[in-house]
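Trainee: Read in order, the letters of the sequence shown are residues 85 to 338 in the numbering used here.
Hints are computed from structural coordinates only; laboratory data are not their basis.
The hints are all genuine.
Each pair of labels, with its calculated beta carbon distance range: (1) D90 x L313: 40 to 46 Å; (2) V153 x G290: 32 to 38 Å; (3) R141 x A315: 30 to 36 Å; (4) S158 x T291: 36 to 42 Å; (5) D150 x T215: 20 to 26 Å; (6) A238 x V279: 33 to 39 Å.
Glycine included, every Cβ here is placed at the ideal spot set by N, Cα and C.
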Amino acid sequence: MTVSVDADTGVAVVTLDRPGRLNAIDLRMRDELRSVWHRLRFDDAVRAVVLTGAGERAFCTGLDRDAVVPQPDSPYMTDDPLLRVGPKSNDLWKPVVAAVRGMACGGAFYLLGEADFVVADPTATFFDPHTTYGMVSAYESVLLAQRMPYGEVARMMLMGTAERIGARRAHEIGLVSEVTEPGGASAAAIACATVIAGYPAAAVQGTVRALWAAREAALAAGFAQAPHLIALGNLPPGQQAELFAARHRDHRVR
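Between the sequences and the hints, there should be enough to build the whole structure, so can you do that?
Mentor: The following block contains the structure:
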């Protein structure tokens, strides 16, 4: 990860920096993200944040499939490695604008679901591969159900890798607030963040907290069900791997 702060504007840019792995999140990056959010809480010079990914191919493709996630030998204590990877989960109430270029899928929605709004390059594509590979899309579905109409979330999650939502369609259904010119997502997100950072911080942070409060009850109810649904519905890891190995399929972009 890289973090840069513009002292003049008060905007921090947080970049997921594993382009060779499509910015997939391994456990080290997960820990770094948590550390960054905590650090930004205490940095009064930072009044707004832009979150983006390095390279042209992907914003983030979720959890790195090579990551080894230790689990307790109990169905009652399953650990989700990305559950507290986002800014709101770490009590950061400074506004976060996400800039998406290329793919954003799976576990990327833990981050996009906790961004305040999303700006997209025309190359941006959004999809969720869970069902294709025999996994329940639980936390991702709950988060996106707060941003998009139910039918659109259901279609994305149930169709798996068979369909990808393009930037224009994502804008039409409310996942994305702006589609920029090619290559312009980061600059547009920084421009928005700069405007917001110029306003009184207490008012801005209070507004962020109020907006999130409107979603918290639904998120809490959905998250409470997620571990049980995952335990019941996920295929064994070996069968998931077999499906993943045969992943080359036709895709449609809307």
